[in-house]
Amino acid sequence: MNLAQFKQVSEVEWKIAPFGKMRVPAVIFADQALIRDMDDKVFEQLTNVATLPGIVQAAYAMPDAHWGYGFPIGGVAAFDADAGGVVSAGGVGFDISCGVRTLHTGLRADEVAPLKQRLADRLFARIPAGVGSTGPLRLNANEMDAMLRGGARWAVEHGYGSAADLDRIEEHGYMAGAEPDQVSDQAKRRQRDEIGTLGSGNHYLELQEIVEIHDTKAADRFRLRVGEVVVSIHCGSRGLGHQIGTEFLKQMVIAAPGYGIELPDRELACAPINSSLGQAYLGAMRAAINCALANRQVITHLTRQVFADLLPGTHLTLIYDVSHNTCKLESHTVDGQSRRLYVHRKGATRAFGPGYPALPNELRDIGQPVLIGGSMGTASYILVGTETGMTRAFSSACHGAGRAMSRHQATRQWHGRTLMDELAGQGVLIRSPSLRGVAEEAPGAYKDVGAVVEAADRAGLACKVARLKPLVCIKG
Amino acid sequence: MKTYIVGGAVRDRLLGLPVADRDHVVVGATPDAMVALGYQPVGKDFPVFLHPKTHEEYALARTERKSGHGYKGFKVYAAPEVTLEEDLRRRDLTINAMAEDAAGALVDPYGGQRDLAAKIFRHVSEAFAEDPVRILRLARFAARFTDFVVAPETNALMRQMVDNGEIDALVPERVWQEIARGLMEAQPSRMFQVLRDCGALARLFPEIDRLFGVPQPPQHHPEIDAGVHVMLVVDWAARQGMSLPVRFAALTHDLGKGVTPPELWPRHHGHEARSVELVRALSERIRVPADCRDLAVAVARDHGNAHRALELRPGTVVELLERVDAFRRPERFEAFLQACECDFRGRPGYEDKPFPEPDYLRQALQAAQTIDAAEVARSVEPARIREAIFQARTRAVAASRSQGAHWEHFPHQADMGVRGIGPTLAAAFEQTALAMTAVVTDPSGVAANEAVDIRCEAPDDELLLVDWLNALILEMAARRMLFGRFEVRLDGHHLHATAWGEPVDLDKHRPAVEIKGATYTELRVRKNDAGQWLAQCVVDV
Numbered sequence: 003m004n005l006a007q008f009k010q011v012s013e014v015e016w017k018i019a020p021f022g023k024m025r026v027p028a029v030i031f032a033d034q035a036l037i038r039d040m041d042d043k044v045f046e047q048l049t050n051v052a053t054l055p056g057i058v059q060a061a062y063a064m065p066d067a068h069w070g071y072g073f074p075i076g077g078v079a080a081f082d083a084d085a086g087g088v089v090s091a092g093g094v095g096f097d098i099s100c101g102v103r104t105l106h107t108g109l110r111a112d113e114v115a116p117l118k119q120r121l122a123d124r125l126f127a128r129i130p131a132g133v134g135s136t137g138p139l140r141l142n143a144n145e146m147d148a149m150l151r152g153g154a155r156w157a158v159e160h161g162y163g164s165a166a167d168l169d170r171i172e173e174h175g176y177m178a179g180a181e182p183d184q185v186s187d188q189a190k191r192r193q194r195d196e197i198g199t200l201g202s203g204n205h206y207l208e209l210q211e212i213v214e215i216h217d218t219k220a221a222d223r224f225r226l227r228v229g230e231v232v233v234s235i236h237c238g239s240r241g242l243g244h245q246i247g248t249e250f251l252k253q254m255v256i257a258a259p260g261y262g263i264e265l266p267d268r269e270l271a272c273a274p275i276n277s278s279l280g281q282a283y284l285g286a287m288r289a290a291i292n293c294a295l296a297n298r299q300v301i302t303h304l305t306r307q308v309f310a311d312l313l314p315g316t317h318l319t320l321i322y323d324v325s326h327n328t329c330k331l332e333s334h335t336v337d338g339q340s341r342r343l344y345v346h347r348k349g350a351t352r353a354f355g356p357g358y359p360a361l362p363n364e365l366r367d368i369g370q371p372v373l374i375g376g377s378m379g380t381a382s383y384i385l386v387g388t389e390t391g392m393t394r395a396f397s398s399a400c401h402g403a404g405r406a407m408s409r410h411q412a413t414r415q416w417h418g419r420t421l422m423d424e425l426a427g428q429g430v431l432i433r434s435p436s437l438r439g440v441a442e443e444a445p446g447a448y449k450d451v452g453a454v455v456e457a458a459d460r461a462g463l464a465c466k467v468a469r470l471k472p473l474v475c476i477k478g
Numbered sequence: 038m039k040t041y042i043v044g045g046a047v048r049d050r051l052l053g054l055p056v057a058d059r060d061h062v063v064v065g066a067t068p069d070a071m072v073a074l075g076y077q078p079v080g081k082d083f084p085v086f087l088h089p090k091t092h093e094e095y096a097l098a099r100t101e102r103k104s105g106h107g108y109k110g111f112k113v114y115a116a117p118e119v120t121l122e123e124d125l126r127r128r129d130l131t132i133n134a135m136a137e138d139a140a141g142a143l144v145d146p147y148g149g150q151r152d153l154a155a156k157i158f159r160h161v162s163e164a165f166a167e168d169p170v171r172i173l174r175l176a177r178f179a180a181r182f183t184d185f186v187v188a189p190e191t192n193a194l195m196r197q198m199v200d201n202g203e204i205d206a207l208v209p210e211r212v213w214q215e216i217a218r219g220l221m222e223a224q225p226s227r228m229f230q231v232l233r234d235c236g237a238l239a240r241l242f243p244e245i246d247r248l249f250g251v252p253q254p255p256q257h258h259p260e261i262d263a264g265v266h267v268m269l270v271v272d273w274a275a276r277q278g279m280s281l282p283v284r285f286a287a288l289t290h291d292l293g294k295g296v297t298p299p300e301l302w303p304r305h306h307g308h309e310a311r312s313v314e315l316v317r318a319l320s321e322r323i324r325v326p327a328d329c330r331d332l333a334v335a336v337a338r339d340h341g342n343a344h345r346a347l348e349l350r351p352g353t354v355v356e357l358l359e360r361v362d363a364f365r366r367p368e369r370f371e372a373f374l375q376a377c378e379c380d381f382r383g384r385p386g387y388e389d390k391p392f393p394e395p396d397y398l399r400q401a402l403q404a405a406q407t408i409d410a411a412e413v414a415r416s417v418e419p420a421r422i423r424e425a426i427f428q429a430r431t432r433a434v435a436a437s438r439s440q441g442a443h444w445e446h447f448p449h450q451a452d453m454g455v456r457g458i459g460p461t462l463a464a465a466f467e468q469t470a471l472a473m474t475a476v477v478t479d480p481s482g483v484a485a486n487e488a489v490d491i492r493c494e495a496p497d498d499e500l501l502l503v504d505w506l507n508a509l510i511l512e513m514a515a516r517r518m519l520f521g522r523f524e525v526r527l528d529g530h531h532l533h534a535t536a537w538g539e540p541v542d543l544d545k546h547r548p549a550v551e552i553k554g555a556t557y558t559e560l561r562v563r564k565n566d567a568g569q570w571l572a573q574c575v576v577d578v
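If you read the protein sequences in the order shown, they are chains A and B.
Take 3 as the starting number for the first sequence in my numbering and just add one per residue.
Take 38 as the starting number for the second sequence in my numbering and just add one per residue.
Pulled out of the complex, with its shape left as it was, chain A reads as follows (with noise of 0.2 Å):
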């Protein structure tokens, strides 16, 4: 992108003062070289959030933000539902709740090393990953409901996992407000057995070796030690909520010019948040929060039954589980004042600060710990949420790598065979279904995701803990 359309703040801090339509300025997280590399429809889409009702603040870019739909991905915005605040389906993405969890396995990388090979095979043949797989349950409607109710909490009372795992999740597991009601026979139809599956695309399973600490007192609190290896999961709402992302965003097109709402892109269709068309989507998304909750929660219990087989003994407890893909209601001091305001985060982590109420009580004191997921045979990384950042961007950072290039231009330029061998010769036991699926997702059509956390971290959004780099990638 051109520079000279920003104001420069800071080092990674870069503004855009309102002009046109725009009821609030736009600001970007990212060091030179990211924002240079960033594609223009991430200034386009950016400005044109700022433009949406009763936005508060500013719209918010992180260092890995890229071309989305409507959203860039990496974006964040606030919206007050008094001031004629919206919610838009656009603004939280296909993929509701997407996120990433990551768990100890209290291993050591040489304990590992020999159990490689079976691990990635055991791994491979026990999670469902990829185009037409199905998963562990197949849910009736009463079950269905339930389980878009009660998320994670709902996988643990039928026996995937601990409650203790409840409170290492955003939401204490499962999110309330969700309304099964709002959730069509499609979206649920899509999803009846889809439950504990990966998906594909950029989702993966990965063994993780914790290479570096870069914050020795949150690593301490999060019991992270170099040589050790850890477990991480990215995945989402499945079919659900894609089902339901598609649903409202046309219901959303064709209803806003009833509202008074100009789309300057149809991709940020939005409804007033409190309309009947904006409390349906908000119970509809909140129940597909549920069912990613629920699905990562079941895909760690198959982890953990592999675990057991191959390892006995061995106990995998959760670190930390982060949804990327989200609104949610939260208050904020905006201008001295706190304010309950629904935060979109399109690509983005929560990363609430020391102090934050809602953290879990052995956590509150240090921040919430963030992960970072990388691309396929990369780096992944632990920040944990600062006090600056609850100044911020609401309390957000960045959630990934972003891709550089097109999914096109990386079968063009990789072949899945290859790269799977390459990657082996560095030590990345690589499994899928599909060797195009892992030639689209080749490390070099990422982003550095180092640069990424770095540009957060410096702008003090996220604090950086650790490193952990990959030993086995489980990929859909």
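A couple of the hints might just be wrong.
[Said to hold, decoys possible] Cβ pair distances, simulated, as ranges: (1) B:Pro391 with A:Ala19: 16 to 22 Å; (2) A:Gln253 with B:Ala327: 54 to 60 Å; (3) B:Pro252 with A:Asp187: 24 to 30 Å.
[To be verified] Covered, in the sense of this in silico footprint (three residues per stretch, anywhere, with C-beta under 8 Å from a C-beta of chain A), are these stretches of chain B: (4) 502 to 509; (5) 531 to 543; (6) 549 to 560.
The hints are simulated quantities; they were obtained by calculation from the structure and are not laboratory data.
Here the structure is a predicted model, which is why all the values come from computation and not from measurement.
The beta-carbon is built from N, C-alpha and C at its ideal position, and this holds for glycine as well.
Given the structure of chain A, go ahead and fit chain B onto it with the hints provided.
This is chain B only, laid out in the frame that chain A set:
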């Protein structure tokens, strides 16, 4: 004895128009005198003779007196003492009641020249009322002399003739004769306007009269009024110099809209079938010749299908061709297409709009004609011949239809763009679906084992594309299937499609990625410069 040129020849010469036929009036002669001069007597009712050399008509000056209803109920009085003025007085309009003597001097006792200059149709005398055919004639003149108006007193007189039932005495053949001539004039709508203004239309053609005031959907009919539409259509047909059957078909194609129950307005679902009934009844009533009737029935029945030709299944297209008898009577099919095009163009703003359907149907007929029916007949048992020919023709039409259709992917930073291109919107939608399957796997590797029915609708073409793809995504996900073949039918913004495919087989299909949803990003549905439809958007993977 003195002869004069009278009537249309005098009028047309004064208007500076070419004179085709000259009628003459002879004053002061008897039939015997005429015969003695070598004139050949013709005509049963009037003393009319043909000139021995020029064969032009010479009528003895006469008066007529009404003796009953209709145009046959006249007493004719022809005698040497009947004057030219008396003869001219029995004529219908002042502009037709002028004479010219052998020296070229004009005799204009009733103000014909004045009315010609003022462009007014005015009756000569109350005797106008004695012959109801004059109403039709006047109406026909209005279609020819398009800038003439009817004098108010003449209109009042005609209305009186309608009110007192005189109009009902017209014989059917004569009605058709005048209407057919009027349809061949420059602006036939004026004929119907004159008939309507005096109330005659409701008596002669209630099925046409009823169309006025009936609304149609403005998105397809900016003129809204069904009567106005039909008038625009016949005028368009006249401007294009169409044949009488085409013009008659243009006039009658929408008769069914006049009997749509008002609570269903402005929609006219099924009006085609009602039109057919009414066209048949009307044709029967006024003895419309078979060629005009048959084309009108075909156009009434199938004009809607012709307009939707690009959206019809290949089999339905072949059925249409068979119904219109296109294989045996290609010239009738051509007239059918002409009438359908007049229907399309007879709407404000549609004069220059692209209307590719007739060409598509011509192309479909050409493709279907390549099937050698005799050869197909030899290859199957007798009971299956008809069906086999139909199937072969359908395949030929299907093949011609997908000509030039293809799909492609276009890059998007995080996801994938899918684009379909085809000769029709439906074909482009089919290709876009193939492009989407190709995001997951090679579509040619997906067997067409199971058919899935898909329906959706949306307010516009673009939203419909997204809906169509999302409906497929839902079926792919919920059924765990992949689809490799698609057939799309579009009716406005309603889509009805069949997708053929099979369950996902990891070893066989090696699916690369699951599709989450079709998006509005880079969403475009339009016709490109080459006249092909393009349908595209980005799918989230």
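Going down the list of hints, with the structure as the test:
1. The given range of 16 to 22 Å is broken by Pro391 (chain B) and Ala19 (chain A), whose C-beta atoms sit roughly 46 Å from each other.
2. At about 55 Å, the CB distance of Gln253 (chain A) to Ala327 (chain B) agrees with the hint of 54 to 60 Å.
3. Between Pro252 (chain B) and Asp187 (chain A) the C-beta distance comes to about 38 Å, which lies outside the given range of 24 to 30 Å.
4. For a cut-off of 8 Å, the count of residues in the region 502 to 509 of chain B with a CB near a CB of chain A stands at 3, and the three-residue condition holds.
5. Evaluation of the coverage hint for the region 531 to 543 of chain B: fulfilled, as 3 residues show C-beta separations to chain A shorter than 8 Å, against a requirement of three.
6. Counting residues of the region 549 to 560 of chain B whose beta carbon lies closer than 8 Å to any beta carbon of chain A gives 10, which meets the minimum of three for the stated coverage.
Going down the numbered hints, you'll see the structure goes against 1 and 3, while the others check out.
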